[in-house]
Structures are given as structure tokens and as C-alpha cells.
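Trainee: Kindly generate the complete structure, drawing on both the sequences and the hints.
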Amino acid sequence: MMRTQEVQAPSRNGQREAPPTYYRYPALKNPPWRWKIVLYFFTGGLASGAYLAATLADLFGKPEDRPVSRVGRLVALASLAVSPVFLISDLGRPERFANMMRIFKTRSPMSLGAWGLAAFGLFTGAGVVRQAVEDGWIGSKSLPARLLSWVPLTVSGVAGTLAAFFVGSYTGVLIGFTNVPLWAKTSLLQAPLFLTSALASGLAAISTGLPARGEDSPRVHTWLDRTERMAAMGEVALMNATIVHAPRHSDVLKLPKYMVPLRLVPLLSIGLPFILRRRAKRADAKRARMFRFGAGLSVLSSAFIVKAVMVLAGQESGKRPEEYMKSTSGGI
Amino acid sequence: MMSRPLASEHPTGPFYRTLPPPTMHEAALTAGVRIEPGTTYGFFTDTTVCIGCKSCEAACKQWNQNPMDDFGFKGTSYDNTGELSATTWRHVAFVETRIDTNGDHRRDRTRWTFMSDVCKHCENAGCMEACPTGAIIRTEFGTVLIQQDVCNGCAYCVPSCPFGVITLAEEQDRKAHKCTLCYDRMKVGMEPACAKACPTDSIQFGPVTELRERARERLRFLHSRGRREAYLYGVPDAPGAAGGVGSLNCFFLLTERPEVYNLPPLPELPSRRAGAGFLTATAAALFWGAVTTAMILAPRREQREGGRQ
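Sequences listed follow chains G and H, in order. FYI, the numbering for the first sequence is 0 to 331, going by numbering that gives the first Met the number 0. FYI, the numbering for the second sequence is 0 to 308, going by numbering that gives the first Met the number 0.
Treat the hints with care, as some may be off.
To be verified - For the chain H half of the interface with chain G, some residues (derived, Cβ under 10 angstroms), not all of them:
id, residue
1, E95
2, C150
3, C156
4, F277
Hint data in this document are derived by calculation from the structure and do not stem from the laboratory. Ideal Cβ placement from N, Cα and C applies to all residues, glycine included.
Mentor: Now the structure itself:
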């Protein structure tokens, strides 16, 4: 589907037929971003979603929500411990990661992301220290506890929440801030999609972790599951909007290797968890734990699929010169 | 005979900038320009006189000591270089145009259109905006340069270039590379290697404002001789200079549609999408923050049921 604008006049010898693009060689270069970046996006999103649920539960929750904060903070710490490892090891020169910290550049989402991730790491650490003090793992007279006692929970919680929202969504802005047809032309949808799937995965990880520590109560699961279901529905809606909007500029998502996993997302993020959690309510404690574990895993895998497909399909659309030429003929 | 100090003897320190550069203004003899900091330099590549000799490719490789590419046949045309890459900073495209003679196929011919492609050194460079380390800078000659001692190979510049120029050298040092407009040569008053090597002056080097005048003059001449299909790509208010990219310091005189050379007709600067992207991100954050808080504060079903019991 090429632009059919003809600018050249017929030559003296008759009609000239120029090829549509340069032998269909890619007109754009792709970044060598593969599984490490997918895993970075996924674990970063998981950390931000878990931190958000934990902190909001701490700020607005009831005493019975304490375990949510504890598990959420630990999930955030664990995934944020591995997330930068994927990011840094994917750099061409990992030993030069610190060069990202030599400037603060509002023009570059990657620079903002590096600083946002650092800030979020700080707040996640602070959250874990606060939890450790509450749980008596470290003494309330110890240095980190005393340092933290100077900062009210509302201040660190609100600032941390902002950082978490940023880390969960900036990756979507980042891929939209390129010329890759699929990413650029669905750029308005990507940040909400990434944030929504981050929230769903964070909530799923918490409700999976709660029974493992034997700290869950049906009341807590009520709001966790409800919020998670809403986030999952939002994720599916935004994903479908992407599937509907993308073909105006890029047909890559129609390839079975991307479309089949995407078609599984509603099932994995809404259908299967809904069935499993209903069964968990009626089952005995041990089987309920298994069902909840399965439901959590299902939501996590759907969030992973969304990020993997968006990253990998985008790279494929960048290899198609005709789609790039079409996508640059104006309008988002 | 004037002797130039060796790099090791060259003065460094706070007063270095006050010293005149060790230049001999060779470009005044080869391109008719003295290279002075503060002026914006670029290339005017006139494809109507390119003969596809690839001298520019060879000169660029040699001066910049770039390794050779895969020495194979592409099977599509006589162009076996294919594209610009981290190790190929000039690339001559061989566009084969079939000339159809209205049914008399014995007289059908193929004609070549050549085009020596290069980094455009955009007025607003996507790669430079994307770079998170500040490795990519605007030099005193108005060119876009990657500081190799700063680049950490994050590859974000790669998809941010609307022309597919900047590339990561995955098999070499895993850093981003592209045309430097021979920064090292310009520093000592020499014309870039490709322009100096070009035997037909298809590649012309000079201050961009002067080159644009020369290009418009050339276009007027071609139009007057009946080559109405000729147009400029990358000068203000022309194809290539669109979507926030601004004008291109390295611009072209073309005779086919831009797509034929793999050039986007209306390139877009990616940063144009960042504001709207962060706006939708903020909207989503507000929405999900409100939803989660509402769910935490909402009365809980089990509680109500428990109350009834």
C-alpha cells in the first residue's frame, strides 16, 4: 500500500517506472532490544504496580491491609533488584551505565527514565526500611529507622507514588518517542497500556504472595481482586484499541506470532483468574492457595505478553520501509 | 615550512581555547571555503551528476578507518553496500529505473540514478534529543557528533533517527556511530574526505546558506533545461524538511520520489510525541490512583455480609 503520489513527469522515451522503495531494504534502523528489554519493562512495571498498591494501602487502608503493604513492598524490592540488571546488561557498554547520570535531560525519556528509576529505587528502599521497622526486623533506634522517622509517611508515600507511576508508564512514552511505525503511531496508547498492565501485574503478584505468607484474609482479597480485574479490563481495552488503530500504519500485529499471544491476553488476564478465584472461595485453604497462585501467574503472564509483543512487533514494523513511508505521510 | 605540533605537544588547559587552532585552511584551496567555528557547514549532494563511482564511500572508509562490510552480493542491484551503517557513513544508492517504451519491449532500457546518502546533520536532530548521556552534541561547525568516550551503547538514538542513519556497531565496540562530517578534518581546516574525493562535484561542501543558494541556482538551471522532475530535498519548505526536523544541513537534489531512495517524504521528530505521551500517562496515573484508592476505601462485601450475620 504505497503512497500513489507521482511527482515525476514522463520522460521523452515514455513512462518511467521507479521502484516503490529502495529494494525494500529497511528505511529505519532498529535498536537491538530483545528479551532483556522486555524483562526490564516487565519487572519495572511489576515493581511500580506492587509499590503503588502497597503504598496506597498504607496511606488509606485499614489495619487488615497491613499484609498487603508488607508483601507489596517486598515484591517491589525483589523486582526492582533485578530490573536494572536487565537494563544495564542490555547496554552496549554496561560499564558506562553511570554516564546516564552525568546529565538530567528533560528532552530524553531515556534520561528521565534513568533518574526516575533511581528515585523510585530510593523510595522502594525507604518503604522496605519502614516495613522492617514496623515488623521489628530492625530496631527503631537504628540509624536507618531514625533517618526515616524524620520523613512523614504521607510525604514519602506520595512522592514514592509519583515515582512509581512514572516508572510504570514512561516506558510507553519512551517507545512512542521513536520513528518505529507501530510505536510512533500508537504512542498515545502505549503509556496508559504499560501502566495499566503494570498495575494489574503488581496486584496479581501481591495476591499471589499473600497466601504464601499465610497472611491473607477474604476481606483483603475483595479489593485486591476487584482492582486487579478493573486493571485487567483496562489493559485488554487499551490493547484492543492498539490492535484496532495500528493497521492504519502497520500490519505487523496481524502476524500469527503476535496475534495469537495477544488474543490470549483477555483469557489470561480476566477469564482464567476470574474462574480460579471463584473456585478459590469455595475450596479449602490449601487448594484455595493453589487456585490463587494460578490466577496470579495467569495475570502476570498476560502483562508479560503485552510488553513482549509491543517490543518485538515494533522492531518488526521498523524493518518494513513501506510502512514507515506510509506512517510518515502525516498525522498520529 | 610550517610545522604542526604533535598531539602530545599540543597545549592543553584553561588557556587552550584562546590559542588559534593549528590550521592551514586547506579547504580554501579544495572547496573554496575557510572553515571557521560558528558557521554551519554541510553537504549539497547533487544526484544528477553522480556517476556511482563510490569514491566517497572509499574515501570515507579510509579516512575514518572503518572496517569493510560483508563482502557479498546483495542480488538486487549493483549496489552491494545496501545501506548506511555504523561502519558505512557514505552509501551510494543505485536506483534502477525501467524506461518503458509503450509496448516496444526491444527498446526497453534500464537507467541508473545514483544518490550518495549520508547523515543529514538535522537542524533538530532526533538522535541528539534522544541521547540520555549527552554523548551526542552539536559542534562548533553546526554538525551533530557522537562523543565516543561518553556513548554507552543504549541504542535509543537508533530508532529516533528519522532517516535510519545512526547505528550501533554491534560487532565492534557496541557504541553508536555515524558520519562526523569529518570533524577531525574540519578542526584542522580540511574539507571532509567524501566531498574532496568526489570527482564530479556531486558532493559539495560548504556553509549551508551558501550551498542552498548554489543548489537553487542548479535547480533553476535544470528546470530551464526541461528536467522538471528535479527538486531539492531537505532545504526549508521542501520535502524532507518537515515534522519538526527542520532543515537538513546535508541536503539533496533528487529526481525521483523520496521513497525511491528510502528517504521519508515527511520525516517527523520523535520528541513531538513526548508531550502528548506524558499527558496520556498522567491521565492514566490519575485514573488508576483514584480507582485503587476508591477500592481500598470502599465498604467491603465480606464486611457487610459479616455485619448481617
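Trainee: If a hint holds in the structure, say so; if it does not, say that too.
Mentor: Cross-check of the supplied hints:
For E95(H), the interface hint holds, the least distance from its beta-carbon to any beta-carbon of chain G being 7 angstroms, beneath 10 angstroms. Here the hint on C150(H) is kept, as its CB sits about 7 angstroms from the closest CB of chain G, short of 10 angstroms. Against a cut-off of 10 angstroms between C-beta atoms, the interface hint on C156(H) holds, since the closest Cβ of chain G lies about 9 angstroms away. Here the hint on F277(H) is kept, as its CB sits about 6 angstroms from the closest CB of chain G, short of 10 angstroms.
In summary, this structure violates none of the numbered hints.
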